[in-house]
Amino acid sequence: MSDSHEPQASESGPAPLHGLLAEYTTTGDILRASKKVRDAGFSRWDTFTPFPVHGIDRAMGIRMTILPWIVLGAGLTGLGTAILLQWWTNAYDYPWLISGKPLWSIPANVPIMFELTVLIGGVTAFIAMLVLNNLPMPAHPLDQVKRFARATDDRFFLLIEAADPKFDADATRALLDSTRPHAIESILEDRKTSDKLPTGIIYALVIATVASAVPFALAAKARYTKSRSTRIHLIQDMDAQPKYKAQRENPVFADGRSTRVPDPETVAVGELHEDDHFYRGTQNGAFARTFPPTFRVDETAMLRGEQRFGIYCTPCHGFGAEGNGMVAKRAEELAQGTWTPPSNLTDQRIRDMPVGEIFNTITHGIRNMPAYGPQIPTSDRWAIILYLRALERSHAAKIADLAPAERTGL
Amino acid sequence: MATAKKDPKKSPTGTKTGTSAAKAEGAAKKTSEPDDAAARVAVEGFADSIRLGTESSAMFAKAGGLAVVCLAVSAALGASEGDGFKRWSYGYIAAFGVALAITAGSLFWVCLQHLVNAKWSVVVRRIGELFAANMPLLAILALPVVVPVVLGNGVVYEWADKTKVASEEILKHKSGYLNPGFFLVRMLFYFGFWSILARYYLNSSRRQDETGGSEIAPTMTRVSGPAMIAFGLTITFCSIDLFMAVEPRWFSTMFGVYFFASCVLGVHVTLILTLMWLQRRGRLATTITTEHYHDLGKMLFAFVIFWAYIGFSQFMLIWYANLPEETAWFKQRFFGGWGAVSWTLVFGHFVIPFFGLLSRHIKRSKALLAFWCFWMLAMIYIDMYWLVLPAINVEPDVRAMDLLALLGLLSALVAGAAREAGKKNLIPTKDPRLEQSLAFENI
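Which chain is which? The protein sequence lines are A and B, in order.
Sequence positions in the first sequence follow my numbering and run 1 to 410.
Sequence positions in the second sequence follow my numbering and run 1 to 443.
Hint data in this document are derived by calculation from the structure and do not stem from the laboratory.
Take the hints with a grain of salt, since some may be wrong.
Calculated Cβ distances over 10 angstroms to all of chain A for the following chain B residues [stated by the list, open to error]:
#	residue
1	K86
2	D295
3	A400
Stretch-level coverage of chain A by chain B, calculated; a stretch enters the list once three of its residues show a Cβ under 8 angstroms from a Cβ in chain B [what the hints assert, rightly or not]:
#	region
4	52-61
5	104-112
Keep in mind that this is a model prediction, so the values were computed, not measured.
In this text, a Cβ means the ideal position worked out from N, Cα and C, and glycines have one as well.
All chains should be modelled from the sequences, with the hints used to inform the complete structure.
What follows is the structure, given as structure tokens:
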């Protein structure tokens, strides 16, 4: 502080006056005193009380704080940030469709809008409150005053700073005297506490600043360099397991491959699908015209077929198998021109088709219809065909097919 | 029961309200316990202002008369529709929702003040107790809703009609809960429990006025814990039974809380407006200060946000999951005329009052606060209307009978509270926290 002129002159002499401190014993006293000081037109003064004293704001003539406006601004900033953030990330920079909602969808954004409004509003309120109160304040001349310790306990204080333009050592003291304080004390500037930051803190700040750049530097480096070593893997979980995965190198075998080709003619347990009729729908190389003997045609099978048909086939072929399922209808509505409608399964062509061929169609799919073999167990495929046959029959029903009693009911 | 009658030391009931103040002063001076709260009430000249006096019966006659006329005309208009009161019932249920919100809200509020041992609100609490004590009256006013259900008439609540239930899988499935018998049992339970609780709080509080018993306040606090839990459950199920069950195919587990938001808004609106009316009539003139209005206003503001929070949460879950059985309800409300009502709610029930009530200056200005109270009261009604009426009207259509039902029910509440207030104190004069409440200041 060699270049600061004023204090330097008196550095060795007595410290200059910081202000006058008056002590009071009751809230009533401090309120009355505050009003007097306020009316005397002072501007650099403050009161210190162990608890919030009702009415002190008015007694001191403190204007309404601007904090609410700051918080309002911060809240609106949070709101705007949230909207922009979500628009930019989800709808603009990297469009990503979620749950079929619009890319930029306000209802989906509301929770973040709410959170950011509250977060930025709240944090700002906290910080702005500190700043508006001149906090943090590491040192203050009052810290050196012994009696001032009771400001946190049972005494009320009023300090008028010497820096106040209205301050006049004698007149101000007289004014304070007239408020009948318990005591008045002249407060001198603090000479003990250095106003320099402690070197330890300076070093810590420098180190923290430098250190905070490290992650960014590493990230930047990683973006622009290539490395052959595996990524850093902090949490192992069950990632590393003592087994060979499909595409890994395997030193046990001469060809070094983990995936082994089964020996020719191997058959897994229960996978010997010898029965051509049942498993492939063929008999002597031609599509079978009958149900395989291992498949029991009964009511259970029919009901099972109805249910499975409902699950797997109706989306395209419709409940009546006429090729008018929901998917087909929707595709027609969209009219994109690339759509092959599902066949009407009650057509004469399909009715004449051997059951084995239909079995083959379900298993392997046909043209635009995907294969259902991998999804539907073999006996269920036969059950579906059984039900399909019943559906076809019902489409070709004639009045004569009905019992006489039912006929009259029509 | 009245203080004056029981206390032999006091002079007989005075003709002017002024004398009762003198009596209170005398009583306070005689009490040996250091209960200077009551003394303050008497001495510092709130004197003639803490009782309604003869104004009570005048108000009862006026509001009661208005209620009877409005409800009668409304019902007559309903009958003239010739649809077996179908259309009328929907409007009545919506209006009843507002009345229930205010009354149940008052009960909740009183309970809450005891639960948290609130000090600021002591001078306001009696008003809440009076409105909560309307519960038996409300039970009677619920008859037009409950009786048809019990008679198996399904004009409003389809599930009350046996043949309809038999013909529909969903209704059949829900009939274990939604059936006339169980509905009646539940209604008796809700209104019975609320009536008893409300009466308990009012009577205990008044007994304290008389005896100044120091054990009364802690007992009320102890009761409020379990009572609060029971209130939470009853208000949830009651709102489901009365309002959600209008459309029995739809369901939302958040519905109870949604209605609860209206309850809390309802009570604060009622308290603020009632206090303003009393003060204009020279009652509680110095007892209730800007500070109390400010706090009530803060709660009103908070629950404007709470309503939006709950309303949006309910909407968002349904909107996001997009399940047909749930979205159907919102779809009905989001297009056409109801869509306009929905937007009215978004802005009128949240955005506009949010900014309207945000500032401290507004909450501390009587005129502006009163304006927002009327505004919110209207919004509570629009909200109820929006909940109930789309079940019958594809497009919103407000009829005179709906508004008359609302006016009738609200007047009935005012009449009930005025009668209950009678010639007794409007503040709990011997509550141990009264002093703090009188001196209450917002920092």
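Unsatisfied constraints (hint numbers, rising)
Hints that this structure does not satisfy do not exist here, as all of them hold.
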